[in-house]
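J.: Each chain is listed here by its residues.
Protein chains: 4
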Amino acid sequence: MSVPKIKVGVLGATGAVGQRFVQMLQGHPWFEITALCASERNAGKPYGEACRWNLRGDMPAHLRDVILQECAPGIDCQLVFSALPSETAGEIEEAFAAAGYGVCSNARNHRYDPDVPLLIPEVNPEHLALLEVQRRNRGWSGFIVTNPNCSTTHLVSALHPLHLRFGVKKVFVVTMQAISGAGYPGVSSMDILDNIVPYIGGEEEKMEEKEPHKLLGTLEGDRIRPAELTISAHCNRVPVRNGHLEAVSVEFEEAPTMEAILEAWESYRPLAQQLRLPSAPQPAILYNPAQDRPQPRLDRLAGTVPGMATVVGRLRPDPLFHAKFLVLGHNTIRGAAGGSLLNAELIVAQGYLGPEGAALAQSLQVA
Amino acid sequence: MSVPKIKVGVLGATGAVGQRFVQMLQGHPWFEITALCASERNAGKPYGEACRWNLRGDMPAHLRDVILQECAPGIDCQLVFSALPSETAGEIEEAFAAAGYGVCSNARNHRYDPDVPLLIPEVNPEHLALLEVQRRNRGWSGFIVTNPNCSTTHLVSALHPLHLRFGVKKVFVVTMQAISGAGYPGVSSMDILDNIVPYIGGEEEKMEEKEPHKLLGTLEGDRIRPAELTISAHCNRVPVRNGHLEAVSVEFEEAPTMEAILEAWESYRPLAQQLRLPSAPQPAILYNPAQDRPQPRLDRLAGTVPGMATVVGRLRPDPLFHAKFLVLGHNTIRGAAGGSLLNAELIVAQGYLGPEGAALAQSLQVA
Amino acid sequence: MSVPKIKVGVLGATGAVGQRFVQMLQGHPWFEITALCASERNAGKPYGEACRWNLRGDMPAHLRDVILQECAPGIDCQLVFSALPSETAGEIEEAFAAAGYGVCSNARNHRYDPDVPLLIPEVNPEHLALLEVQRRNRGWSGFIVTNPNCSTTHLVSALHPLHLRFGVKKVFVVTMQAISGAGYPGVSSMDILDNIVPYIGGEEEKMEEKEPHKLLGTLEGDRIRPAELTISAHCNRVPVRNGHLEAVSVEFEEAPTMEAILEAWESYRPLAQQLRLPSAPQPAILYNPAQDRPQPRLDRLAGTVPGMATVVGRLRPDPLFHAKFLVLGHNTIRGAAGGSLLNAELIVAQGYLGPEGAALAQSLQVA
Amino acid sequence: MSVPKIKVGVLGATGAVGQRFVQMLQGHPWFEITALCASERNAGKPYGEACRWNLRGDMPAHLRDVILQECAPGIDCQLVFSALPSETAGEIEEAFAAAGYGVCSNARNHRYDPDVPLLIPEVNPEHLALLEVQRRNRGWSGFIVTNPNCSTTHLVSALHPLHLRFGVKKVFVVTMQAISGAGYPGVSSMDILDNIVPYIGGEEEKMEEKEPHKLLGTLEGDRIRPAELTISAHCNRVPVRNGHLEAVSVEFEEAPTMEAILEAWESYRPLAQQLRLPSAPQPAILYNPAQDRPQPRLDRLAGTVPGMATVVGRLRPDPLFHAKFLVLGHNTIRGAAGGSLLNAELIVAQGYLGPEGAALAQSLQVA
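Residue numbers (this note's numbering), protein chains in the order written: chain P, 27 to 393; chain E, 27 to 393; chain V, 27 to 393; chain C, 27 to 393.
These are computed hints drawn from the structure, not numbers from a lab.
It is possible that some hints are incorrect.
To be verified - Computed Cβ-Cβ distance ranges for the label pairs, DEER-style:
1. C/Gly228 x V/Thr244: 41 to 47 Å
2. C/Arg67 x P/Gly83: 38 to 44 Å
3. P/Ala69 x C/Pro99: 51 to 57 Å
4. P/Pro345 x V/Gly70: 48 to 54 Å
5. C/Ala286 x E/Ala98: 24 to 30 Å
6. V/Gly70 x P/Gly83: 40 to 46 Å
7. P/Gly83 x C/Ala87: 25 to 31 Å
8. C/Glu292 x E/Glu235: 25 to 31 Å
Stated by the list, open to error - Negatives, chain P to chain V, calculated, CB over 10 Å:
9. Lys31
10. Pro55
11. Pro140
12. Leu245
13. Ala328
Think of the CB as a built atom: it goes at the ideal place given N, C-alpha and C, for glycine as much as any other residue.
Isolated chain P, as found in the complex:
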């Protein structure tokens, strides 16, 4: 007997992140796309005409003729994935949440609201409890859940098991970020061919001040108490298509051995993996032992769910702090659309989309 899937919509379906949502939702065991929404300019046009598909492989054929709708409540679905630009995401997402939709957003607008979870399922699933607070505060029947910035996601994913065991105190991180992180058309080829641009607006602030502290923070009553760690970030754009590589040095509360760090990564099996969420890679963190890995081209799709794992490598003692290593992750999959999708899976599995959703999830997981 086939169980009906959960109906989902994509807001901002024609852009780079929107296309990833569409691609990743193809054949998803729990979700089915029933609405594609775009800007006023494109609403009313068939998706195949309004969207210049930029991912490998063609646009899913059955979506070509789907007529784009406006980004406003009324569309036929329970959950929306938001790939909206920050210029418009704020109000539109609120309108959807107020109208009873679940919103899984990749936009930065609500990430830092105290009652909105900034979620990585492996890292802080308990922060979903904020949804009660959010509903109470705002009187919404729906909700908003956000995922962090692409460069933060993989850094925090790699740090989380170490933080649990040894307490992360200080982090020095230099990112080498792929061009796809800037969307389409994004970075001009004139700026990046044979070049590096050592500046990405707002990126260092997000990493130093905003996101890791909330993600690694502790739920205390109605609030998240931010984690106490200090981060120094240098962010760079490099001529690589996909995959953010980060050079990281860390000081802990107590000095671990390199073996202990390795063991912390290798034994890491957080809730998302225990629940066997469909988009959760097994394992969540891969350690590549080669002396010159991870590399973006070779490792950005590593693991059981391509683009969803965090890959670490080159663990070694640091002359100034305790340890240094590399972190690599796919920026438009786990770092954007895939992050939101996994959030949605956790939300469903935890019953936040109603008991039917949870039951469905369970029935499908067992199957």
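Starting from the known structure of chain P, arrange chains E, V and C on it as the hints suggest.
T.: Only chains E, V and C this time, still in chain P's reference frame:
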């Protein structure tokens, strides 16, 4: 009245660094190439036939028919520039020094010998006094002077004026190094197109343990007392042709303001610049105030002597240390051949090539 | 009931093409790797140690510990795939054929032997009849079958259905070939970053004089009568990882309309597709109607078997000849290892590996 | 005694081509910039603030504080260089010509007007006689002269000496064009990294139908009789910063030997070179005899005036036509701003800017 130039030879003239020596010596006011030397395999062939010229512009026409000689004493010159690979540089350079030649070497073999200057003219010109020790120790009538590794050169150049004023204690540095640093054929295009290779053999050790400490060290009697600073380096190869970019965070003995750091760079006028050595850029350090600079493509040739200056930018407070900033420099010009060339100029100007050399230098400088 | 697979070996398993063979043979329904062979230098080592895996994803885990054998008869298999360099391929392949092995070779050594099929299953399957001639001539119990050069393969694949209908007389072709075509390390990054190298040794000769004429030729008795067409080729290396793009202008015996050309491509269903060989893409030729396609990055993996289809686009009248269009194909999949693999599948299906092979193929195809 | 220079303005000074005009006019012996004009949006701002300088080296320091003016007659100069986009160039250039200014335009708007010279000084200097017709037709006291499209310029430059001797009948050309040809931001890095875009809007039409025929045409009375040749062009965008490379096959009226073609190029000394115009490279055409040249990175700046020469190479017989070869030229120097600048120099030298201009030119040339 025309003064005769100093005769120089190039060892390893067919390789990538050797070609840079040849290119930079074209039209040099003090030096003239009178010998080009290569491996046994190529000795006896015309330079134009044995050397696959890989730099922009063609090989200097008058050198095409010069017959390559073997890398052994007996060639007609006073000074040799060594672009030899480390497999052979060690013994050959010693043989030349023993035979009375001055050797300005880009090879790493003798860099860490206690009686061999590891020299950046702006940073540690007083270390040339080691040449007395070297002659005494080894009984040579000639000498060997070395220049540091390309990634160290620009880092230490940027740190030097800050070290003089505020005392550098701790340095975090992540390099993004150009492909030309690996020579020719060097890095396979299969490894670096759409990719980063986060490992360069031996590079981190050079930066963390060996070169900066000697360069910033103090001459005490017959020895250099290494500077006491701690460095953590992550070295990466990126798809950029020329120009190493480095993200740097620094802790000082005493906390300076950002203005004081800027002022230290801007007022920096070391000996090489005071002497107006022909290859010394004026100024030695350029601060680019744009928020997204320096960039390799736009800035690697900045300054009065293309490829010889160190460019800094994005100075800002660091959450963990006192300051962070970017350093950029050309790796095959100042970081290799140009570094050796400027060393030779200082050597001549300081009289280490005999009083005639110094007199010549002076007469030419005045002219 | 599980049917035992055909045992195959890979000669030259550690190189770029050898790795592709290994990758494509993973999970193959008819073939299973039972021997990996390499140069003397590497024989005796585990594959995982001798081979620097350069493809996305890791080396198949169960092959890591397989001990490399020398490239000489005696290995346990019926069929070998040869990824040997042309320096050694000639004699080794002959030794295997003499010893009774079937050899599917990607090397150029025997391509132009009159009694060796140069095979594209879609184009000239009837040329396999040369195997009788080959056995008779050479007294071999095994055989050698070759596949064409990567740039020829896709050109001829695109021309074949047009040649059948309209007769190809003259072809202008300019190739823009990917770096992977030169193997590993192959093209130096110093030569190709921000550059084009408008010369590939021997490539234009292969396209102008040797391969297309044999491929499109007619089997007459014991020989192939070469097709009578004239080709002018300009071959270029471009900074693209995979996928050769070719700009083509064609004059036919009789002028077709653009619609007739399109129809010829779209209705093309040659033997390999009719037989439903496992690696035969369905369809063999894809026409992309967008005005700016095919593009290497977006289309090199298009179709039902990634990397095996030929993609055409931008069909339009030519001011000098009858038509012009673009051809794109993956050079290391269909243009090398995949071409050999599909050849092997045709060989098996046609009974050239003995009736058991053909029966097996049939039983597996039905399943 | 210093002769006063001719005052010139740059229309569209902030864009990519406008910046090249500014760069190339630095230190020009005949011209001096007295006005920089930009769009309404930028008029009134200092150049250094409105213009994001994108060329190597910094913006000329003395122009930083120049206030941008609107693109309308009234500015203080005799001659304007137009780097305007085609959306606005048409009317603005006419207004300037009507008001008495000489206009040297890189825009395509007036290129095909029968009374507007489409000029390459080496190729068709006699077409300047159209200026009389233009003045008569339009009642202008000034004039408009245009330069061709970047890909046409170098093709026609290479063909011209061959056309003079052997008569060009048929040309097959495939271009591999640099990203800078599309301006800034122009080509998205997402479209071109590890890729080729085999389509450039309008480019093939310009080469096949419009520009070469006019350039190689004959002035007959008041009109240009177009040259009778047939061209087939395939235009591609490749990941190269600067330098268009073109693979060319040519059929002539009478078959020349390869030696005769070489000789035609080598003995080519057209009017612009005879007049020793300041931006005319000596020689105009360079033949590089290496088997793998010209290459964009190595040869785009070859010759006595960097970026102004046309480089040819790989001349060899063509199986279909008489000869094939490669053509390379810098697209934003000779192919855009430099082409206009050389046009202006010819105009001045020929007296079209009044006898004072010609006298000035002569006095400066002699000096």
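J.: Evaluate each hint against the coordinates.
T.: Status of each hint after checking the structure:
1. C/Gly228 x V/Thr244: 41 to 47 Å: 43 Å, holds
2. C/Arg67 x P/Gly83: 38 to 44 Å: For C/Arg67 and P/Gly83 the Cβ distance comes to about 41 Å; the hint holds.
3. P/Ala69 x C/Pro99: 51 to 57 Å: 45 Å, violated
4. P/Pro345 x V/Gly70: 48 to 54 Å: 40 Å, violated
5. C/Ala286 x E/Ala98: 24 to 30 Å: Between C/Ala286 and E/Ala98, where Cβ atoms are some 49 Å apart, the hint is violated.
6. V/Gly70 x P/Gly83: 40 to 46 Å: 42 Å, holds
7. P/Gly83 x C/Ala87: 25 to 31 Å: Once the Cβ atoms are compared, 51 Å apart, the range 25 to 31 Å for C/Ala87 and P/Gly83 is violated.
8. C/Glu292 x E/Glu235: 25 to 31 Å: The hint (25 to 31 Å, Cβ to Cβ) is violated, given that C/Glu292 and E/Glu235 are roughly 58 Å apart.
9. Lys31: The claim holds: P/Lys31 sits with its nearest Cβ about 26 Å from chain V, beyond 10 Å.
10. Pro55: Given that every Cβ of chain V is farther than 10 Å from that of P/Pro55, nearest at about 23 Å, it holds.
11. Pro140: 42 Å, holds
12. Leu245: Answer for P/Leu245: holds, closest chain V Cβ roughly 38 Å.
13. Ala328: 7 Å, violated
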